[in-house]
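Both chains come to you apart, so use the hints to assemble them.
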Amino acid sequence: MLKRIVLILLIATTASAQTSADLEKRLDEMKRQIEILTKEIETLKAGEQQHAAQPEQGVSFGGYGEFAYENPEHGTPSADLVRGVLYTDYKFSDRVLFKSELEVEHGTTEIGGSVSLEFAHLDYLLKPQANIRAGLVLLPMGIINEQHEPTTYLGATRPEVEDRILPTTWSELGAGVFGDTGSITYRGYVVTGLDSTRFSAEDSIHEGKQSGSEALAHDLAITGRVDWHPFEGTLVGASVYNGGSGQGRGYKGTVTLADVHADAKFRGVSLRGVFARGHIGDAAAISAQNGQTIGSSTGGWYVEGGYDLPTRIAVTPYFRHERLDTQRRVPLGLTRDPENDRRITSFGLAFKPISQTVIKTEYEMIHTRAGNNANQFNLALGYIF
Amino acid sequence: MKKLLIVVLFALAAHARVIETQEQALASVGKNLARQTFFLTKEQAAAAGLESQLVIRYAAPNGVYAYFDTHRVRTEPETVMIVVDASGAISRIDILSFSEPTDYFPKRRWLDQFLGRKLDNELSLKGAIRPMSGASLTGAAIVNASRKILAVHRLLPK
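Protein sequence lines, in the order shown, are assigned to chains E and L. Note that our numbering has the first sequence beginning at 164, numbered continuously upward. Note that our numbering has the second sequence beginning at 289, numbered continuously upward.
Bound conformation, chain L alone (with noise of 0.2 Å):
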């Protein structure tokens, strides 16, 4: 099963075209970060609406963290670092790897309505998140990965 796992990640991974590694994104996040890790039980998980249990974490010395999460857009993966201010609010989002047509990538302009965000009913598409000309499947995937990582937030402690 685990290998199976692993294989399918790995088809996901082998898709994805990079935009920033993780490493460069994170080095912008701060220095001295901690990366934790966390096996969150399946109600917890469940709860969150995350599939695995296996949650990782940077945690900056000023109380800021920042997670990562791959989803599927339409038919290819896209990674996202969203990073969470000490209030529990969305301070950065970033788009790591989109392996979409470029028509459906996300500009900056649309990301930035992500910032000072927490999770409540404001952070959706029928809310203060205004949809994606003509690339609603992109915008979906998204707010639906912060709703998710702020949940796990929310679960974690600080």
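Next comes chain E alone, as it looks inside the complex (with noise of 0.2 Å):
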């Protein structure tokens, strides 16, 4: 009997060590097993998918649009697909970029729309102070020229001044140099000139852009800006342009434009400013050719600011004013029209749900030197991926 007892239990103690040396045999497997999974989780995420000893290729794709609703006192309410722009850049490799944006405008080409590339460019990098751009360049004036995603600038709208006096968005054809040093940014491109046969009085050279289409190339222009980022978020700097719009019709038709401009973001306050001016030579003999009065000196400024209220969803009260004139003076014996001479005040409000979509709403004041007002309520939805 005692016999049994001892052989069942060192069969069971057998059985038991058996087991449990078993548990910890395979427990050490899946905790080897673990740890190699959580490694291999770990390069997945970091993204070292053996790209780093490979050529640095690759196309990227992002985009911005908005939609706007304007309702004036005295008039008709619209409403517009604004802009809807793809934006697609290609690294042939760490040296050489491509770069450009596809934009189609008021929604479609069949009802006054259009479809155009706002930029396209090839970058060649040579270092960060010095490197090459050649192509539809914007041109570096101002400050929405170069940045203009609806989510960057507080506003419904964006400002008149970078619309009539700095004719956004602005891109012609040529080559230039650009750089950054740290604290100083700079870019100097040579590009085709104006068209002073689409000059305007209300607009003045705004429609005279060419645009990389069949430009004509007669008469260059040189032009630049410098940036000073005294600190991260805020930038101090000035931009200037030079060239001839007469394309070969017997003047020159100069074309100097200048402005200064500061932008600063800091502790969710937000301020913006541009000043200003542009010279038009041979005004006389472009408005004879044109039938208009082409101001041959035109000018404006403003000034804008928010607070990004600490709330949890950004909501940021803003307010812009600006003062412009197409015609500050015209050519001898011509006659300014006082309508051209606008003052503009916006007020409102801009909420970011998340921080790529941005839904302004805003009161505008518009008053002429003529005496005439203009109020309207402005809805904008934007957005950028």
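Don't read these hints as lab results, they were simulated from the structure. Hints may contain errors.
One side of the interface only, derived from the structure: several residues of chain L facing chain E at Cβ under 8 Å [to be verified]: (1) P389; (2) R397; (3) K414; (4) G415; (5) G422; (6) A428.
Computed cross-link-like contacts, EDC-like style, restricted to lysine to aspartate or glutamate with a CA-CA straight-line distance of at most 20 Å [said to hold, decoys possible]: (7) E:K290 <-> L:D391; (8) L:K436 <-> E:E205; (9) E:K202 <-> L:E308; (10) E:K290 <-> L:E308; (11) L:K395 <-> E:D257; (12) L:K414 <-> E:E467; (13) L:K395 <-> E:D343; (14) L:K414 <-> E:D471; (15) E:K202 <-> L:E339.
From a predicted model like this one, the values you see are computed outputs, not experimental measurements. Even for Gly, the Cβ is constructed at its ideal location relative to N, Cα and C.
This is the structure in structure tokens:
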């Protein structure tokens, strides 16, 4: 009997020892497997899939757009798909990049809209301080021309100063250099000049942009900017443009533009200002050619500011005030139209449910030196991805 | 589900343009780093703003910890290494991979604003961190990543 009990206990103990050893072995194996899996996941998360040693090529997509509703006190309300833009860049190598934006304005080309390349250029990166750019380039004037995504500026519409005095969005075929020395950035290009046949009294040089569309290249222009970034989020700078607009029509029509600009964001406060002046040579000849009074001097300025309230969702009350005149001076014997001397004041609220979308509501008051007032309510929806 | 996760992670990783490998970054943090794995509870992960319950960090003998975070900037992923010192403040921040256009790449001077920062209201684009001119989404992504890592750091044993 005793022998039987001992035998049973021995068998049970051996079986238990085997089970325990087996369990321990299996646990060790599971630990090893988990370790391997976590390492794999970590590597994948860190994005190191053998790319470190390969030539780095690739295409990137992005985009932005804006919708607007305008309800003037006197007039018909309107709604517009102002623009939808698809950004594409391709990195041929660490040193050569292609960048472009394809823009559809006003929804469709069947009812007054347009499709155009806003810019399309090749960048040859030599070193941060000096690089080469060639193609259809954005002119480095003001602030909005190069940085015009709706989430980057306050206001349901772009400032008129950066539309009529500095004709945003302005791109021309050309080439030049750009660089960044840390606290100083610069750009300088030689580009095709403006075409004076499309200058107007109300919009000055705005429609004279050639935008790379079979551009006349008899007269070229030089343009450049220098910005000082005293600290992150703040820049102070100046831009210039000088070039002929006659394009072989018997007069030079030299257009000179200059602006000083500043932009600062800190602790939720945004402040921005631009002061611009323009001079159009041979304005009398251009006026005679175009059948309207082209201002020989143009100018304007604006300031805008906002405060991103300390709320969970970004809510920014803002204001903008601008003053502009596309006929500060006109050729001898011609008359200024006081309608072109405008003061515009806007107050609004910008909501950003997420940082990539913005909803802006504002009230805009427009006064002209002719004594006409036009107030309107604007609503805009913008996105960037 | 796991397979799907791995496929998605691989797709993200395959696009990344690597500036510095994880190995290179860690080598510059120090020697004899111990790789530590933690499995958070769902509640802990949610409190830190993490989608994953798996956290891996590298501990240096001097009480310094290196964390990695991969996140989307605009449409493309970015990987950062954030080193937290013994006091719980950020002592280093590096971009390891970045696939957005180069215009949106943060300058060293901008990244240096994070040094010495702890998890508080100042670590915010509405606080002491100045936004990046023309690259607000990059700025927001890195601020979010740093807040997330410091929140996780608070949860883990030192």
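So, going through the hints one by one against the coordinates:
| no. | hint | verdict |
| --- | --- | --- |
| 1 | P389 | 5 Å, holds |
| 2 | R397 | 6 Å, holds |
| 3 | K414 | 4 Å, holds |
| 4 | G415 | 7 Å, holds |
| 5 | G422 | 5 Å, holds |
| 6 | A428 | 5 Å, holds |
| 7 | E:K290 <-> L:D391 | 14 Å, holds |
| 8 | L:K436 <-> E:E205 | 17 Å, holds |
| 9 | E:K202 <-> L:E308 | 18 Å, holds |
| 10 | E:K290 <-> L:E308 | 18 Å, holds |
| 11 | L:K395 <-> E:D257 | 17 Å, holds |
| 12 | L:K414 <-> E:E467 | 18 Å, holds |
| 13 | L:K395 <-> E:D343 | 10 Å, holds |
| 14 | L:K414 <-> E:D471 | 7 Å, holds |
| 15 | E:K202 <-> L:E339 | 18 Å, holds |
Of the numbered hints listed earlier, not one is contradicted by the structure.
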